[in-house]
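Model the full structure from these sequences, guided by the hints.
Respectively, the protein sequence lines represent chains A and B. Using my numbering, the first residue of the first sequence is number 1, and each one after it goes up by one. Using my numbering, the first residue of the second sequence is number 245, and each one after it goes up by one.
Hints listed in this document are in silico derivations from the structure and should not be mistaken for laboratory results. Just so you know, even glycine gets a beta-carbon here, dropped at the ideal spot from N, CA and C. Check before you lean on any hint, since a few could be wrong.
What the hints assert, rightly or not - Here are some of the chain B residues that sit facing chain A, going by a computed Cβ distance under 8 Å:
1. G301
2. T302
3. P379
4. Q382
5. L386
6. G387
7. V392
8. P454
9. S664
10. I666
11. A670
12. I681
13. V683
14. Q688
As the list claims (entries may be wrong) - FRET-style restraints, in silico, Cβ to Cβ:
15. A:F81 - B:P379: 26 to 36 Å
16. B:D378 - A:V107: 23 to 33 Å
17. A:L32 - B:D673: 34 to 44 Å
18. B:T393 - A:R92: 29 to 39 Å
19. B:G567 - A:A174: 39 to 49 Å
20. A:P61 - B:A602: 34 to 44 Å
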Amino acid sequence: MTALTSNPLGATARGPWAGFVLRRTRRLVVSLAALVTAAFAVIHLIPGDPVRAALGPTADPALIEARRHSLGLDESLPKQFGHFVGHLFQGRLGDSIGAQMPVSEIVAGRLPATLQIAVPAFALILLIAVPVGMTAAVLTKDGRRRRGELAFTGITGLLGAVPEFLLAVGLIAAFAVMWPLFRWPPAPAWTPTCCRYWRSPSSRRRPCRASSGWRPCGCSGRTTCGPPADAPARTTGRESETAP
Amino acid sequence: MVSATGTDTRSRRTRETRPAAATVTVLGLLATAAACGGPASGGGGSSVVFAVAADPGTLSPTTALATTALSMNTFAYDRLVHVAADGTVVPGVAEKWSATATSARFTIRPGVSCEDGSPLTADDVAAEYNHIADPKNQSPMLGLSVPVTAAAKADRAKRTVTVTTTKPAPFIVEMARMLPLLCRKSLAAPAALARATNASGPYRLTEAVPGDHYTYVRRDGYTWGPRGSTGKDLPGQVVFKVVPNESTAANLLMSGQIHGAVINGADQDRLDATKVRNRSFEALFGQLLFNQAAGRPGADPAVRRALVSVLDLKELRNVATGGKGAPATAIGETVPTPCTGDTVTGNLPAHDPERAAARLTAAGWTKDGGTWTKAGKPLTVGLSYPTNQGPQVASAVELAVQRWTSFGVRATAKPIGSSSIIGTLAGGDWDLAWAPIGVTLPDQLTQFYDGPPPPKGNNFGSLTNPDYHRLAALAAARPGADGCALWEAAEAALVKNADIVPFVARPVRYYAKGITFEVDGSGVVPSTLRQGDGR
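What follows is the structure in structure tokens.
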């Protein structure tokens with residue numbers, strides 16, 4: 001918006017969309033440049049020597065020097081930065097110091113799984129968020145429906161502020177346990193968490209749905225859902241506690 | 245295998261990687277769930293599932309150094325020899341051997357083959373020795389599996405490999421247990437083995453899903469195990485499943501979705517309570533190392549002894565391990581090691597604050613306004629410790645600092661947040677460090693406690709202990725276990741001189757359900773893995 005007002009002539013000459021695209025492109029380039037520089041700087045800013053850490057305490061100093069040389073870490077910083085950016089433009093990500101494998105290979109190994117989740121999620125977000133947001137904007141235009149606006153911004157703000165891992169556990173509890181819409185992934189690995197979540201907020205005992213397709217955790221022979229007999233629920237909860 | 249920080253608990257490691265933790269947790273949740281339908285499911289069949297704390301990274305035998313990778317490679321690649329828990333050397337691919345302090349000769353068993361069908365010959369073994377020994381190849385295994393300055397020659401007719409060194413290398417044979425044997429074709433392109441195997445051992449890698457699981461399948465016709473054992477009693481399939489969180493690993497173990505995992509943290513309690521059994525080996529957990537460079541407080545022997553005498557090491561031991569630790573008996577060698585004598589008990593300065601005060605006074609220190617000073621300078625000491633060792637270590641460090649402060653020393657705790665404390669040690673700006681160093685052989689320790697300090701060497705504390713220097717040199721002139729008495733005397737000299745203060749060892753526990761096995765410092769010993777409870 002600020003660029004539009006500061007350069008109204010340019011904007012009108014090329015049309016508002018051209019200005020918008022230009023602005024956004026400029027911002028993208030600046031962000032990427034900052035990101036690349038920060039990624040480069042991190043390895044030099046964090047204490048400790050990554051090569052030494054990767055090669056272990058018994059590594060011979062001569063070997064460490066040789067490895068530093070082959071990684072180009074013994075050159076001047078500007079030179080290293082030049083190499084880094086140059087290789088990046090050619091799509092060469094180099095080798096991981098820790099895993100001692102090409103970074104592209106490591107990324108390629110994990111990317112399909114990430115995309116499998118991220119792409120549908122993104123599509124879903126676009127399908128829901130854009131129409132809902134537009135509708136809310138239209139409905140609350142010019143200061144109408146103040147309460148509705150407050151409710152909308154409040155709820156979306158809350159959803160945005162809750163950490164993803166908490167939200168995820170909540171969603172699993174809601175859509176796989178309370179209303180078992182999704183029966184995939186199979187339950188056993190996460191039911192201890194679900195059971196805990198399922199039970200503690202209301203502190204009421206609910207019937208186990210052994211018949212409804214998902215495997216109840218530790219409910220063998222019982223009709224109520226409690227902490228699993230062979231896996232105390234509290235310890236699975238710790239997984240999310242260490243995460244933030 | 246070699247760890248600067250001993251046995252870091254996995255839940256702490258999770259904290260070290262916070263930025264991605266939220267994503268990882270969610271993805272991890274799905275990953276663990278998804279894997280249940282895969283090879284990890286159920287306890288039946290002939291598949292054994294182990295949890296590993298981290299992805300192994302590269303599995304290439306000549307470059308892999310991560311503990312996980314080394315452990316997984318023991319399943320796929322065989323060794324010339326194996327070392328039993330009591331330190332005795334057991335025949336593997338080598339049916340016999342002989343050694344001097346600068347050479348070793350192995351006779352290769354006939355009929356050993358690699359996964360691609362090619363025979364493993366004496367030529368292949370010699371080529372691998374020479375490959376790792378060549379500094380050009382930058383193999384981190386140099387000094388671990390192959391001695392520095394090694395050169396190997398093969399005699400095809402006699403099926404022998406002769407390894408010679410120009411520097412004394414008393415443990416060439418024992419080191420060979422760390423050498424994953426490769427056929428010639430693999431040696432030409434070792435990087436190809438980063439995510440695949442050309443196994444010479446009992447298992448071959450059939451599926452590698454980085455960050456999730458690695459599946460190994462038993463090879464047919466494997467007959468060259470330790471003491472000539474075969475693969476017929478081994479499980480048909482072994483899966484290593486990446487489970488970064490120790491609590492999750494414990495849950496999976498209790499619910500029967502995995503069969504084995506290393507659990508070192510608080511989850512031990514509930515596993516013990518439900519009578520899940522474990523195998524363990526003792527690893528040095530707490531050791532203080534003094535920086536003796538000029539100008540550092542540790543340069544003065546009286547200060548070193550006084551600082552140790554002020555501490556109640558038993559109290560520190562209990563705090564650092566929650567009562568699960570035992571007094572250390574070695575200065576860093578983990579099983580299987582040839583020299584098993586106790587080098588610590590009775591050699592550490594005793595807990596005696598009065599004697600500590602007398603020592604400082606005799607060395608010219610005076611107590612001035614509650615603080616020990618010499619030539620107008622107060623006695624100041626900073627204790628650097630790695631934060632990835634868990635909150636109990638931090639508490640023990642705080643306790644030590646408190647004891648020193650009330651004694652009249654200006655002490656501070658210096659937490660080191662990076663992944664390894666070695667970087668700090670090599671940097672030189674430290675007084676005293678919590679730095680247990682784990683190795684398997686006594687001669688691997690000499691670089692840390694003798695010789696040039698960084699940047700030329702690894703003598704981080706600039707130690708100059710003449711007894712250690714002399715005895716270690718004598719010991720290095722005797723091959724294998726013949727030098728043990730001398731090695732033990734040398735190491736005791738370090739402890740007596742308060743150069744290092746090894747004060748607590750802790751078991752590294754491998755919990756198991758539905759399987760039995762033996763463990764050593766490299767992890768599960770493949771040839772001992774059996775399905776069933778063994779009851």
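For each hint, the structure was consulted:
no. : hint                        : verdict
1   : G301                        : holds (3 Å)
2   : T302                        : holds (4 Å)
3   : P379                        : holds (6 Å)
4   : Q382                        : holds (5 Å)
5   : L386                        : holds (7 Å)
6   : G387                        : holds (6 Å)
7   : V392                        : holds (7 Å)
8   : P454                        : holds (4 Å)
9   : S664                        : holds (4 Å)
10  : I666                        : holds (5 Å)
11  : A670                        : holds (6 Å)
12  : I681                        : holds (6 Å)
13  : V683                        : holds (7 Å)
14  : Q688                        : holds (6 Å)
15  : A:F81 - B:P379: 26 to 36 Å  : holds (29 Å)
16  : B:D378 - A:V107: 23 to 33 Å : holds (31 Å)
17  : A:L32 - B:D673: 34 to 44 Å  : holds (36 Å)
18  : B:T393 - A:R92: 29 to 39 Å  : holds (36 Å)
19  : B:G567 - A:A174: 39 to 49 Å : holds (42 Å)
20  : A:P61 - B:A602: 34 to 44 Å  : holds (41 Å)
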